[in-house]
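Asker: Spelled out, the chains give:
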Amino acid sequence: MSTALPTDALPIDDSVPIEDIGERHLMPADMTVSEVTTLVAGVTENPAPRGWWMLFIPAVLLAGLMFACIGYLVTAGVGAWGNNAPVYWAWDITNFVWWIGIGHAGTLISAILFLFRQKWRTSINRFAEAMTVFAVLCAAIFPALHTGRPWFDYYLFPIPNQMNVWPNFKSPLMWDVFAVNTYLTISVVFFFVGLIPDLATIRDRSTNLLRKRIYGFFALGWRGSHRHWQHYERAYLIFAAISTPLVLSVHSVVSFDFATSVIPGWHTTIFPPYFVAGAVFSGFALVMTLMLIVRAVFGMHRVVTLKHLDLMTKFMLATSMLVGYAYAMEFFIAWYSGNEYEWWHFFHTRIGLADSTGQRSPYFWAWVAMVSCNVLVPQIFWFKYARRSIPVMFVATLLINVGMWFERFVIIVLSIHRDYLPSAWGIFHPTLIDMGLYLGTMGFFLTMFLLFVRWLPMFAIAELKGILPAAQPSHAPDHHEAPEAPAGELSPAPAE
Amino acid sequence: MQIFPRKLNLLPLVLGAAVFIAGGAVTFVVWYYFSPKNLQVGYAPDQPVPYSHRLHAGELGLDCRYCHANVERSYEAMVPPTQTCMGCHNIVRTDSARLEPVRQSWQTNQPVAWVRVHKLPDHVFFDHSVHLAASVGCVTCHGRIDQMDVVRQEQPLSMAWCLDCHRDPGPNLRPPAEITSMQWEPDEAWTAQVDARVAALNPPIHCSGCHR
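These protein sequence lines are chains R and Y, in that order. Each residue of the first sequence is one higher than the last, beginning at 1 in the numbering used here. Each residue of the second sequence is one higher than the last, beginning at 1 in the numbering used here.
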């Protein structure tokens with residue numbers, strides 16, 4: 001039954017029920033415990049494939065661009081950005097929200113899907129957790145620079161000082177500082193705790209002492225005893241429980257930055273759930289984009305199967321429709337409220353109906369880009385063909401992240417470029433520093449991500465083993481030759 | 001195989017202690033040494049003329065406003081022009097060597113380059129006239145000028161220090177007639193009416209009170 005499968009064919013043996021409940025194997029039925037270890041730990045042990053270098057070198061160059069842009073911005077001042085009256089928030093805040101949103105998939109996958117016992121998360125959770133940490137770091141760069149004098153950023157924290165200056169706790173921007181910092185802290189701790197058993201695996205496989213010591217240091221003396229596992233599982237569960245509200249709270253707080261103001265286009269009660277749905281949407285999209293690349297570069301087709309990708313596209317389809325609902329609801333409220341400013345903002349500025357003077361919005365294209373990428377493109381995932389086609393998924397997820405960037409651009413720039421008085425109208429023009437910094441954060445993100453992929457176990461080895469056919473108590477041994485007992489990596493792998 | 005020596009078991013303890021001690025040390029250094037109390041109080045630059053406030057304001061008893069004449073009407077307490085000095089010194093001690101720079105300034109019509117002692121950042125709009133109208137004494141912020149040969153900064157002039165008084169101005173108010181007095185102490189008659197004055201004063205504690 002379980003024959004060698006072509007790498008991208010559906011590697012799911014439909015005739016092997018895991019249990020009477022009708023679940024099916026997520027990974028190829030002939031996957032063995034030792035294969036998982038060799039595959040995942042091997043990445044950190046073998047020389048990097050050429051594909052890795054082809055990504056890493058441009059990523060480092062772009063990261064350098066980011067530091068150059070930051071250096072210029074700090075010495076020249078925020079005037080180096082295109083922000084100006086009335087568009088005081090532009091690409092910087094757009095990029096901030098975009099990156100923070102991307103970070104949300106990590107916690108959703110590692111915490112919420114864990115609590116819901118979604119076993120398919122095991123192939124993507126480590127990946128997504130790492131992405132979360134890096135994305136939040138990239139996000140934090142923008143508001144830190146947006147303050148204009150980054151060396152005074154410590155004002156953001158409640159530190160007793162000689163000026164008696166204290167953060168204004170009535171300000172959502174302040175809540176943001178706490179939300180993002182909490183999120184970063186918990187994400188880092190969660191990521192690290194999950195890594196411990198796998199770091200120990202790599203430590204035990206290491207042949208040279210330095211490697212043993214480095215991985216051993218971070219493995220915190222893990223020996224894999226039952227007591228260790230018991231504590232580990234409990235800690236993991238607790239962190240999942242702590243992280244779960246954060247998935248909802250962080251982007252809700254980010255949305256308050258806008259929703260608590262009185263700008264048409266921002267002053268909307270639907271913002272918190274709308275932002276959270278969008279965040280999960282974009283996060284899943286980027287996880288998938290990178291997953292498809294890494295899967296190809298490192299040949300991980302047997303760990304991340306089409307079944308996983310299929311489930312992820314369904315998640316994106318669902319969140320895309322949530323976002324689409326929010327878009328529609330904004331227009332409905334703009335009409336239903338009878339508020340002329342709301343109406344003007346949505347029907348003139350966004351969809352470009354001519355106003356009474358016959359003028360048309362200069363930003364119509366941004367709204368079109370947002371809706372086509374975020375609502376129309378994901379509809380393709382209704383079709384099974386699209387959910388199984390790597391090129392379609394790759395292009396679609398890239399477009400989704402373009403669309404999600406435009407969503408933030410539409411919300412931020414479109415809402416403020418038309419002030420209440422026509423004398424205070426303006427258009428935003430990005431400068432080279434704006435563009436360089438945005439591209440640069442992508443490079444910075446990719447650099448950290450590629451280093452992670454190269455030096456840390458990119459899949460949760462221990463958790464993957466837990467969903468192998470061999471780990472199922474009901475597993476009928478006559479199907480194929482998997483080890484009888486739940487063996488560690490020290491047991492010899494059975495021959496195929 | 002043992003990859004770490006046994007004594008490394010102490011590492012978490014040592015790291016924890018190190019973070020605690022280093023963190024505490026950094027906090028203390030910044031908290032104490034970076035404060036205007038440490039960095040600014042005691043600033044007493046050399047002046048081009050060895051003018052003594054102790055002699056003029058203390059022993060001779062000149063009123064502060066004789067030289068800093070506009071202080072009740074202006075943001076700045078002006079530094080007197082050479083003409084003010086020469087008003088007396090073209091009669092008194094006309095040949096003193098220490099007054100040579102003043103006479104030179106008088107002849108060349110170039111002001112004496114006095115060095116400013118009490119400095120505030122550019123983003124602070126401090127108004128002397130408002131504070132005198134509220135009857136805050138000179139001595140409150142400048143200390144016992146009448147005892148200083150060389151003027152030195154007595155108070156930190158930090159924002160917290162400003163706000164301390166803006167939040168509770170009572171102890172620093174005095175009768176309007178006594179604003180330039182260096183020795184005045186509150187008496188019973190004053191303590192009886194100070195609360196009413198404070199209530200009428202209502203000093204600003206919002207940002208734009210001092211930063212515009």
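To be clear, the hints were calculated from the coordinates, so they are not data collected in a lab. Bear in mind the structure is a predicted one, so any value in this text is a computation, not a measurement. Even for Gly, the Cβ is constructed at its ideal location relative to N, Cα and C. You may find that some hints are simply not true.
[To be verified] Using C-beta positions, here's what the derived DEER-type ranges look like:
| id | chain 1 | residue 1 | chain 2 | residue 2 | range |
| --- | --- | --- | --- | --- | --- |
| 1 | Y | Thr27 | R | Pro273 | 56 to 64 Å |
| 2 | R | Leu451 | Y | Phe126 | 33 to 41 Å |
| 3 | R | Leu220 | Y | Ile21 | 18 to 26 Å |
| 4 | Y | Asn109 | R | Asp153 | 47 to 55 Å |
| 5 | Y | His118 | R | Phe169 | 29 to 37 Å |
| 6 | R | Pro273 | Y | Ser74 | 55 to 63 Å |
| 7 | Y | Glu76 | R | Pro273 | 34 to 42 Å |
[Stated by the list, open to error] Interface residues of chain Y toward chain R, partial, derived using beta-carbon atoms under 10 Å:
| id | residue |
| --- | --- |
| 8 | Phe4 |
| 9 | Leu8 |
| 10 | Pro12 |
| 11 | Gly16 |
| 12 | Lys37 |
| 13 | Gln153 |
| 14 | Gln155 |
| 15 | Pro156 |
| 16 | Met159 |
| 17 | Ala160 |
| 18 | Trp161 |
| 19 | Cys162 |
| 20 | Leu163 |
| 21 | Asp164 |
Asker: It remains to establish, for every hint, whether it holds in the given structure.
Answerer: Hints, one by one, checked against the model:
For Thr27(Y) and Pro273(R), the Cβ-Cβ distance of about 41 Å falls outside the hinted range of 56 to 64 Å, so the restraint is violated. At roughly 52 Å, the beta-carbon separation of Leu451(R) and Phe126(Y) lies outside the given 33 to 41 Å, and the hint is violated. The hinted window of 18 to 26 Å between Leu220(R) and Ile21(Y) holds, with their beta carbons roughly 23 Å apart. Asn109(Y) and Asp153(R) have their C-beta atoms about 49 Å apart, which keeps the hinted 47 to 55 Å range intact.
Taking the beta carbon of each, His118(Y) and Phe169(R) are about 34 Å apart, inside 29 to 37 Å as hinted. As the Cβ distance of Pro273(R) to Ser74(Y) is approximately 58 Å, the hint placing it in 55 to 63 Å holds. Look at Glu76(Y) against Pro273(R): about 56 Å separates their beta carbons, and that is not inside 34 to 42 Å. A distance limit of 10 Å between C-beta atoms decides the matter here; for Phe4(Y) the minimum to chain R is near 7 Å, and the interface restraint holds.
Here the hint on Leu8(Y) is kept, as its CB sits about 9 Å from the closest CB of chain R, short of 10 Å. Against a cut-off of 10 Å between C-beta atoms, the interface hint on Pro12(Y) holds, since the closest Cβ of chain R lies about 9 Å away. The beta carbon of Gly16(Y) comes no nearer than 14 Å to any beta carbon in chain R, farther than 10 Å, and the hint placing it at the interface is violated. Taken as an interface hint, Lys37(Y) checks out: its beta carbon lies about 8 Å from the nearest beta carbon of chain R, inside 10 Å.
Checking Gln153(Y) against chain R by beta carbon gives a least distance of about 15 Å; that is not within 10 Å, so the hint is violated. Checking Gln155(Y) against chain R: minimum C-beta separation of about 12 Å lies over 10 Å; hint violated. The closest approach between the C-beta of Pro156(Y) and any C-beta of chain R is roughly 7 Å, which is under the 10 Å cut-off, so the hint is satisfied. At a threshold of 10 Å, the smallest CB-CB gap from Met159(Y) to chain R is about 4 Å, leaving the interface hint in force.
With a cut of 10 Å, the hint placing Ala160(Y) at the interface with chain R holds, because the nearest CB-to-CB distance is about 4 Å. The beta carbon of Trp161(Y) is positioned within 10 Å of a beta carbon in chain R (closest approach about 8 Å), and the interface hint is therefore held. Contact between Cys162(Y) and chain R, as hinted, is supported at the beta carbon level, the nearest pair being about 8 Å apart and thus within 10 Å. Hint status for Leu163(Y) relative to chain R: holds, with the closest Cβ pair at about 5 Å, below 10 Å.
Below 10 Å, beta-carbon pairs count as interface contacts, and Asp164(Y) has one with chain R at about 8 Å; its hint therefore holds.
Consistency with the previously given hints fails for numbers 1, 2, 7, 11, 13 and 14, ordered from lowest to highest.
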